[in-house]
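Make the full structure from the sequences, and use the hints.
Quick note, the sequences are listed as chains H and D, same order.
What the first sequence shows, in this note's numbering, is residues 1 to 231, in sequence order.
What the second sequence shows, in this note's numbering, is residues 1 to 393, in sequence order.
It is possible that some hints are incorrect.
Unchecked claim - Listed below are the simulated BS3-like cross-link pairs for lysine-lysine, each with C-alpha atoms no more than 27 Å apart in a straight line:
| hint | chain 1 | residue 1 | chain 2 | residue 2 |
| --- | --- | --- | --- | --- |
| 1 | D | Lys-327 | H | Lys-196 |
| 2 | H | Lys-193 | D | Lys-210 |
| 3 | D | Lys-74 | D | Lys-57 |
| 4 | D | Lys-177 | H | Lys-193 |
| 5 | D | Lys-327 | D | Lys-14 |
Source of the hints: derived by calculation from the structure; they are not laboratory data.
Since we're looking at a predicted model, the values are computed, not measured.
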Amino acid sequence: MTKIVLAIHRPTIVAISGSSNKTFIRDEIRKILEEKGKTVRANPKNFNTEIGLPLAILNIKSGYNSYRAWLPIIFQAFFAIFQKNFPEYLVLELGVSQKGDMKHLLSIVRPKISIISEINQRYVESFSGMDNLFLEYQYLARCTRKDSGALILNYDNARVRKLSKKTHARVEFFGKTNASGIFQIKRIEKEEKGQKFWLKHNNKIQEFFMPSFGEHNVYASVAGKVFENVI
Amino acid sequence: MFERTKDLRLSVIKQMELRASKFPDVISLAQGVPSFDTPSGIKRRVELALRNGVVSKYSLSPGLSELRELIEVKLAEDNMFYDFEKEIIVTAGSIEGITATLLAITNSGDEIIIPEPTYTSYREVIILCGCTPVFVGLNEEKDWSFELEKFEKAITPKTKAIFYCNPNNPTGTIYSKEQLLGLAELAKKHNLFLISDEVYKDFTFARKEKIFSLAEIPEIRKRVIRLFSFSKSYAMTGYRVGYLHSDESIVAEILKVHDCLVTCAPVISQYAAMGALEMAEKDVIFFNGEYLKRRDLVCARLDKLKHIFSYVKPESAYYVFPKIIKKDFDFGSLDAPESFSFRFAFWLLEKAQVAVVPGVAFGPSGEDHIRISFGRTEHDINRAFDRMEKIFK
Numbered sequence: 001m002t003k004i005v006l007a008i009h010r011p012t013i014v015a016i017s018g019s020s021n022k023t024f025i026r027d028e029i030r031k032i033l034e035e036k037g038k039t040v041r042a043n044p045k046n047f048n049t050e051i052g053l054p055l056a057i058l059n060i061k062s063g064y065n066s067y068r069a070w071l072p073i074i075f076q077a078f079f080a081i082f083q084k085n086f087p088e089y090l091v092l093e094l095g096v097s098q099k100g101d102m103k104h105l106l107s108i109v110r111p112k113i114s115i116i117s118e119i120n121q122r123y124v125e126s127f128s129g130m131d132n133l134f135l136e137y138q139y140l141a142r143c144t145r146k147d148s149g150a151l152i153l154n155y156d157n158a159r160v161r162k163l164s165k166k167t168h169a170r171v172e173f174f175g176k177t178n179a180s181g182i183f184q185i186k187r188i189e190k191e192e193k194g195q196k197f198w199l200k201h202n203n204k205i206q207e208f209f210m211p212s213f214g215e216h217n218v219y220a221s222v223a224g225k226v227f228e229n230v231i
Numbered sequence: 001m002f003e004r005t006k007d008l009r010l011s012v013i014k015q016m017e018l019r020a021s022k023f024p025d026v027i028s029l030a031q032g033v034p035s036f037d038t039p040s041g042i043k044r045r046v047e048l049a050l051r052n053g054v055v056s057k058y059s060l061s062p063g064l065s066e067l068r069e070l071i072e073v074k075l076a077e078d079n080m081f082y083d084f085e086k087e088i089i090v091t092a093g094s095i096e097g098i099t100a101t102l103l104a105i106t107n108s109g110d111e112i113i114i115p116e117p118t119y120t121s122y123r124e125v126i127i128l129c130g131c132t133p134v135f136v137g138l139n140e141e142k143d144w145s146f147e148l149e150k151f152e153k154a155i156t157p158k159t160k161a162i163f164y165c166n167p168n169n170p171t172g173t174i175y176s177k178e179q180l181l182g183l184a185e186l187a188k189k190h191n192l193f194l195i196s197d198e199v200y201k202d203f204t205f206a207r208k209e210k211i212f213s214l215a216e217i218p219e220i221r222k223r224v225i226r227l228f229s230f231s232k233s234y235a236m237t238g239y240r241v242g243y244l245h246s247d248e249s250i251v252a253e254i255l256k257v258h259d260c261l262v263t264c265a266p267v268i269s270q271y272a273a274m275g276a277l278e279m280a281e282k283d284v285i286f287f288n289g290e291y292l293k294r295r296d297l298v299c300a301r302l303d304k305l306k307h308i309f310s311y312v313k314p315e316s317a318y319y320v321f322p323k324i325i326k327k328d329f330d331f332g333s334l335d336a337p338e339s340f341s342f343r344f345a346f347w348l349l350e351k352a353q354v355a356v357v358p359g360v361a362f363g364p365s366g367e368d369h370i371r372i373s374f375g376r377t378e379h380d381i382n383r384a385f386d387r388m389e390k391i392f393k
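Here it is in structure tokens:
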């Protein structure tokens, strides 16, 4: 059903994946697109796995563990084909907690732009080692569309960086590391009302301010700026 | 011997519960426990975590990163910006968060100001931490609001913090933004911390706007420590999970104490908390609607007992704190403390087998009052009031 809906409406799909910081990046991308006047649908909260993703795409709420609640949901799914005002962009968090999750999720959607934030020990228990977890993200890198698509990667994480070699799509990097060609976070300064950061790209340095705190929010913001540059 | 604990007392609420348990047909409106079961979405999240085998090990001391991320997002929705990595700690209920906070920010002999009547355990935790509670009475005539000049008068060189519950237990008062901003000014002037316990913040009945928190103001984030518990909002009292947040300079110190006390909040409960934030929004709305109905029911039943009680209609939480205006009861030879509210509560328990909490347990201004919890079902509330009407005829 989800595949039929996607084939009919053909939205641009932006995938956000990684062990952490997905939600903050997803919200940043949604904000950027909305500011540009685009219509956007993003998956809410934990709707990022095998059941949650189709529901998010079809804009249907979960029935959780209530069979009674699921019956009308299944019914609604049929009518989702005829949804008016289907959004131009779907911004989807793709979460992996078991081996094969990414393959399953990518059998439903084919992202044009994928952003991968981190690959770390979180969720590694179910993968018997980091190499197996890496394979999930490798699959996303490989499946990101090569025609006008892009893979946006956190340069600071060695495993994420390595994914640039596993894709046919255009690759853009962001991070704090001093490397040529990347969107480089030069400095972060905490202030009373938020934080300032300086971003260097193509030998130009720009200053930004955000009301939220924490490095992860700066990374999310910078991922958004790379995304803006790509689209 | 027992220097640290000799002045502590077991919670009066629990004492009442214990006493009540000896009566076979008792209806307890004493303990602040929601009558609802934990929402099914939360239970499903716990089952899933158990099945996936991720609950048997410690989490990081401040809590699971995924949960703290969700908390950061939730706080941002309420205009509070805190870094999940350095400024949020998942605690074993809010009482552990309060204990860790007080141990971190105070020195022995410091004074902590608490507006009262308020939650009974604050006094005990303050004493446990080697500090002195300084009570400042709320004004019942002005719907249990507080008067800033009274706070200012109570401040001494030893004062370290003002510690309040908003919405307040047992009065159900929501402090106004103006009042809270006044407190913030006082805190700045006298270099004090502000500890804001907001466990009832989701129960605002029919009120449209959200409850204002001083944690929304970035300029005072180095003074405000805000606490929340999942117990009341999500009917999870048994899970013992909550969180606190403040500026990283304070949280780093609280974290050391939290680590000493519990290592980390129970991991299975942290997964439940994730389920709450991810899936239980609708349940909170439902509970809120039910508590509104029960609040109106309790008030309607109290209106029929105008010759016994007067009361301020609660705006939040699930308590009403009526004043006992009739004084000439024949309590007989009750084995009860001297306080009138104690004697009344014991007498009510014996006469009607209805358990309530004597108001003096919540501070000196609570004397002559009782706390009635409407966390119980409408059926229980009606039965309890039927019995009370019978004995007050």
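Name the hints, by number, that the structure is in violation of.
Of the numbered hints, just 1 does not hold.
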